[in-house]
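J.: Between the sequences and the hints, there should be enough to build the whole structure, so can you do that?
Protein chains in written order, with the numbering used here: chain L, 1 to 192; chain C, 1 to 173.
Everything labelled a hint here was simulated from the structure, so no lab data went into it. Just so it is clear, the structure is predicted and the values come from calculations on it, not from any experiment. Fair warning: there could be bad hints in the mix.
[What the hints assert, rightly or not] Below, in silico cross-link-like pairs of lysine-lysine (DSS-like), each with a Cα-Cα straight-line distance of 27 Å or less:
#1 L:LYS46 <-> L:LYS3
#2 C:LYS10 <-> L:LYS78
#3 L:LYS63 <-> L:LYS78
#4 C:LYS10 <-> L:LYS63
#5 L:LYS46 <-> C:LYS10
#6 L:LYS3 <-> C:LYS10
[Unchecked claim] If we take Cβ atoms under 10 Å as the criterion, some of the chain L residues that face chain C in the derived model are:
#7 THR56
#8 VAL60
#9 ALA122
#10 HIS144
Using N, Cα and C, we set each Cβ at its ideal position, and we do this for glycine too.
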Amino acid sequence: MPKPLPPVTTEILARAKCGDRAAHAELYSLYAGAVFTLARRMLASKALAEDVLQETFVEVLCKIEGFRGEAEVGTWIKRIAINKCLMHVRSSWISRRGAFGGEPAGEARSGALDDQMALERALDNVPDVARAVVWLHDVEGYTHAEIGRMMGRTASFSKSQLARAHQRLRALLEGQEELNETTLCTPQLKIC
Amino acid sequence: MHPPAQDLLKLPELTPPPGVWERVLEAHEARLAARRLRRRNLAAAAVVAMAVGVGVFVVARFDTPAPQPVASATPQLEPDAAGVDAVSYAPLVAESARLEQLLADLPAPRPIMVGSTAGTIVGLEDRIAFVDAQLSYAAAQDLAPSYREALWGERVELMNALLYVRFAQTQAH
Chain L
1 MPKPLPPVTT EILARAKCGD RAAHAELYSL YAGAVFTLAR RMLASKALAE
51 DVLQETFVEV LCKIEGFRGE AEVGTWIKRI AINKCLMHVR SSWISRRGAF
101 GGEPAGEARS GALDDQMALE RALDNVPDVA RAVVWLHDVE GYTHAEIGRM
151 MGRTASFSKS QLARAHQRLR ALLEGQEELN ETTLCTPQLK IC
Chain C
1 MHPPAQDLLK LPELTPPPGV WERVLEAHEA RLAARRLRRR NLAAAAVVAM
51 AVGVGVFVVA RFDTPAPQPV ASATPQLEPD AAGVDAVSYA PLVAESARLE
101 QLLADLPAPR PIMVGSTAGT IVGLEDRIAF VDAQLSYAAA QDLAPSYREA
151 LWGERVELMN ALLYVRFAQT QAH
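T.: Printed below as a string of structure tokens:
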């Protein structure tokens, strides 16, 4: 099950649709964290995640007037963010980063890392498309058919990418494969 | 569910970096401004197109035998038999030349532009070419100076419109 998104009141939504800046800021404060997390996990890059966060909310402000409420606002905003992430995944820029998708290490870290940090690092080391699929399926709760459609591929493609990602994650977490150093984003450590 | 999937769900939400909201507002304002400018340009182009249409209609009322297309460049001012009449449209010729120069001085148009802008530019250029053909014919046939004056006036209007659209296009990017 995906993590529930904070609800938005109809009053804030109505004000946002009328162009009220305070309501826009309210929407941002409610959903910026979820969008940034989604983008950071899918793209394994803080800079790209920041870009996606900005682009997503610019689009939200441009289109909120025409929002018809067919889905929850948060779901709609996240869907915009996912599309933007997938554009980055498809772009040549991200593919040039090579098989290991993570950012270069900031500083060398030593000592024991807790499970959460290890998982975060492992996720950053999964290839771009597989990482996007594993996040969309396991965390956001999309089905293989939906992921296949979003990526312009088939459900089978999504399934094989997910299996590949899980296999890779397990191997990385069990130490069978070497981790590429990445900039960690676990908030408690305030590293990125 | 596979063990990594369960763990992924437990990863904490990240805090967005500061300053992004301010950049969102700036980018949104810039987009709104660009949209407003495009609307103004389209409205201006529509007004100009309407004015040009009326102008063409007025010129057409100086009805003469249908001009044959002449594949010449921009016509030159020909001395009239009655030199006094030539003076009447000499300022229009000079103005047309000045606008040509201004147009030539504008930066080259970008390879990618809004379809409606491209359509307006092509439409204006076609109309100018048509007026040029009529002017060449008028010069060859030594038609009435008043007719030529109307054509030169028409040309200046079209050049003005073209200059406006091209200038707005350069500003929009």
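J.: If a hint holds in the structure, say so; if it doesn't, say that too.
T.: Right, here's what the structure says about each hint:
no.	hint	result
1	L:LYS46 <-> L:LYS3	21 Å, holds
2	C:LYS10 <-> L:LYS78	19 Å, holds
3	L:LYS63 <-> L:LYS78	14 Å, holds
4	C:LYS10 <-> L:LYS63	32 Å, violated
5	L:LYS46 <-> C:LYS10	20 Å, holds
6	L:LYS3 <-> C:LYS10	9 Å, holds
7	THR56	9 Å, holds
8	VAL60	9 Å, holds
9	ALA122	8 Å, holds
10	HIS144	14 Å, violated
Of the numbered hints listed earlier, those contradicted by the structure are 4, 10.
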